[in-house]
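Engineer: Chains as they are written, first to last, in this note's numbering: chain A, 778 to 1041; chain B, 9 to 379; chain C, 25 to 312.
No lab work stands behind these hints: they were computed from the structure. Computed from a prediction, not measured in an experiment: that's the story for all the values here. Keep in mind that the hints are not guaranteed to be accurate.
[Unchecked claim] Cross-link-like lysine to any residue pairs, in silico, SDA-like; alpha carbons within 25 Å at most:
hint, chain 1, residue 1, chain 2, residue 2
1, B, 137, A, 936
2, C, 159, A, 822
3, A, 905, C, 229
4, A, 869, C, 306
5, C, 304, A, 884
6, B, 110, B, 100
7, C, 205, A, 884
8, C, 217, A, 780
9, A, 783, C, 306
10, A, 869, B, 327
11, C, 304, C, 229
12, A, 782, C, 306
[What the hints assert, rightly or not] Away from chain C, derived, C-beta distances all over 12 Å, residues of chain A:
hint, residue
13, 826
14, 827
15, 830
16, 923
17, 962
18, 1008
We put the beta carbon where it would ideally sit given N, CA and C, even for glycine.
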Amino acid sequence: MKINKKIGNVASIIHASIIFIFLYLPIIVVVAFSFNKSKINIVFTGFTFEWYGKILKNTRLIDALENTVIVAIVSTLLAVIIGTLAAVGMNKYRFKGKKVVDALLYIPVVIPEIIFGIALLALFSTAKLKLGLGSLIVAHTTFCIPFVVFTVRARLVGIDPHIEEAAMDLGAKRIRTFFEVLLPSIMPGVVSGALLSMTISMDDVIISFFTTGPQSTTLPIQIYSMVKSGISPDVNALSTIILIVTIVVVILSQSRMLRNIKKK
Amino acid sequence: MESMVEIRKVNKYYDDNHVVKDLDLTVGKGEFLTLLGPSGCGKTTTLRMIAGFENPCSGNIFVESANVDNKEPYERSVNTVFQSYALFPHKNIYDNIGFGLKMKKESKSEIKERVTEMLKMVQLEGFEKRMPNQLSGGQKQRVAIARALINRPKVLLLDEPLGALDLKLRKQMQIELKRLQRKLGITFIYVTHDQEEALTMSDRIAVMEHGVIEQLGTPSEIYEKPVSKFVADFIGESNVIHGTVTEILSDNLKLKTGKEEILAINNGHKPGENVFVSIRPEKIRFSNKPVDSFSLTAIVKEHVYMGSMNKCIVMIPSGRELKINRFSGEELPAVDSKIYLSWAPEDAVVMVTKPNDVNDQAEDIHLGVTT
Amino acid sequence: MKGRLNKKVPLYTTIFPVTFWLILLVAIPLIYVLVLSFLTRLPNGRVDFVFTMANYKKLINPDYFHIYGISLFVSAVTTAICIVLSYPFAWFIAQGSERKKTLMMLLVIIPFWTNSLIRLYGWKTILGNEGVLNKVLLTLHLINEPIQMLYSLPAVILGMVYTLLPFMILPIYASVEKLDKTLLEAANDLGAKSIQSFLQISLPLTSPGIFAGSIMVFIPTLGYFFVSDLLGGGNTMMVGNLIKNQFYTAQNWPLGAALSIVLIIMTLLLVRIYTLMGGKLDDLGVAK
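This is chain A alone, in the form it adopts within the complex (with noise of 0.2 Å):
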């Protein structure tokens, strides 16, 4: 019996690491030849910085990083706002079309996105309105809402009900209410629902594709276009930074947690 629990162990072991190496080989590719000498993604042939350098001067490749970034800002602030105010509503009030309101919300989440993309396109072509970062905007915002709704919904379970009551028992108005107590209660949620939304919106492929313009290309459209013929070295450079900017942010909005879980 005891043979076979450290069998078991030793296998769930070696079963965990294969899965780690799957998740990182490819990542570990990429930055591998983000230093690779030669302009060719297959033999590596020397070590080199200069791709980092030339990502400044690939023009094609700044613009789309700005219009992603601008997109990914704009769409996690309106998701935000409304998203929150949403999750706060549909917590503490009872209303005709509540079930509505909620089913729509899953169907961003539940739907193919390409459905939801065709179906922005169409819509959006019908009514004359330009594909650009206008649309990207819109479209990006109404499938991060249910994110931020779900996130501050759940952060909402956790909260004592009274706490509103007992500042507006205390002297606090409405609005005051909200911002005092209520939205710093909720804030772990506000936070985690944003940086969802952050992440979807700068790792949409499907959506964007069908929404963005000819001016408005974002990073994921352009490797996208690139993908397929064969990948420039600064591109590889470029994504082995936003993956340590990436990472950075994580262990910041983490480390808080760590350090909690340390001290238990």
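Keeping the supplied structure of chain A fixed, place chains B and C upon it in accordance with the hints.
Structural biologist: Using the frame of chain A, we list chains B and C on its own:
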């Protein structure tokens, strides 16, 4: 008595659920009034309507003779202590207590002075910088009270404030709260389902059931002279016997329960009437021979030891079990022995039967361990 | 009654923006797709507002059946592989200390916070005829000439598994985490062997995570056209590619809309089965 809060013909519905029915209640200045009842009786809803968190569907509420129906909670000079304490989790103790004054835009120095005063009052000096989740239940409780009192409300509303504390701490806080109320002279309206707590602390108790006040009176009135079977059952321990009035003696009534005869105090019932008779367990006497006009016999089933009190369960011929309480050291009849029961007629309160009471006749006996 | 009107204001300010936004940008576009699927395509690619069933009739075609069949097959295999990979992995993580758990889950999430196309491109670099894997195998003399790995069904499935694996790990992990471990002790105490307590206790209680993960893997797989594009080349056509082509290359929007409606119906059926089996919609939102 000068009135502080008046509730006039207030009704509250949640959809089809009529939770408060035509409620009338006047609470005096400086009074400690308790709304007592089982969960769902409408006591918390009543409290929340006074605070302004809920609006009555009809009727009016007055605080110091001024109608507050259209006032928001933040416009009312009443404050609330919540059962869950509702401390702001992201603010430290100092900021929690000072919140009301900050809303009133008091100066920083004024806030500091009064928060310090409050912390002293609830014996939490030195806890200013702590966060709510670093406090014990009893400490949170004190913070909640301090936070509600710092605004110097005319009325303090307390919604089961001790419900989450353990027994020992609860007993201690009961005494502290009562002292605090006497010292400050503020009107307290206190909601609880714990009858013992209500008896200990209140000037008056309103016993509520199904959205109406069953009985309003001082603790001793409620305990000694319950007006209904519900009140008798709910407050303290009670033995309720179903009977029929057979004869009216000058001060007393003669009743029949099953084939046995008993006496109770005469409070205007007529022969032939079906009534309930309530006798507190400590008032029941027992003997080997029949006493006066009593012919009620019982078989002793078991003894229950409860520390300062001992309890004896006996069964009367109808099959119903009665409780007899004695202080420890006092004698109890031996198990399996047959005894005769009796009591002073004035200790037996007679109540009219209500239609829905009849079903309760076969109900199980409660050992009356109040928690 | 100023006070009572006032109490409606917070309701409207919180609910109105989201309702307005979702109706305008979720409900109306989807209804429009439904309408579009019944409209006529003009030869110049424009859409004429004339009702027709022609688009749906066109769907009854072995070629389309084949594509839907392949798509369902890829989705099913992807889901199955994801379950097999994730389930023991989730148990392994859940057994660690709090700190270890958080760290490991972070390690799972980090790659999926980097651009998915770049990561797929990484696979392309690895699997190509002149890619890393073939180079290694050749150098070790395990093979004599490069194996064609890219542009095949297995490559597409690998890409799908890779892209969607976290969506399976997260819900399964959440359900394993939530499982009250004293239940297993109770089962052992009552005489259950490990296998029995696994089949009787662990599996039933963690199956909601498997179901939620399956929905979150199966449905997106149907529509991830860029994975089949990149790793399948032109060889693997899936529903997603088909719809994309109708809206781009073929410029036949009504047909694309009809194809989408079929996909929506498949999705709704899957979600319905999921909820009938006791799944909660809320669990589908957690991982993303």
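Engineer: Are the hints correct? Go through all of them and say.
Structural biologist: Cross-check of the supplied hints:
1. B/137 <-> A/936: With Cα atoms ~21 Å apart, residue 137 of chain B and residue 936 of chain A stay inside 25 Å; holds.
2. C/159 <-> A/822: Holds, at about 14 Å.
3. A/905 <-> C/229: violated (51 Å)
4. A/869 <-> C/306: Holds: residue 869 of chain A and residue 306 of chain C sit about 18 Å apart, inside 25 Å.
5. C/304 <-> A/884: holds (14 Å)
6. B/110 <-> B/100: holds (14 Å)
7. C/205 <-> A/884: violated (35 Å)
8. C/217 <-> A/780: The hint holds at about 16 Å.
9. A/783 <-> C/306: The given pair, whose Cα atoms are some 38 Å apart, is violated under the 25 Å limit.
10. A/869 <-> B/327: Not OK: residue 869 of chain A and residue 327 of chain B at ~51 Å, beyond 25 Å, violated.
11. C/304 <-> C/229: holds (14 Å)
12. A/782 <-> C/306: The hint is violated at about 36 Å.
13. 826: holds (19 Å)
14. 827: Given that every Cβ of chain C is farther than 12 Å from that of residue 827 of chain A, nearest at about 19 Å, it holds.
15. 830: holds (19 Å)
16. 923: Per Cβ check, residue 923 of chain A is inside 12 Å of chain C; nearest 6 Å; violated.
17. 962: Given a closest Cβ separation of 16 Å, the condition holds.
18. 1008: violated (6 Å)
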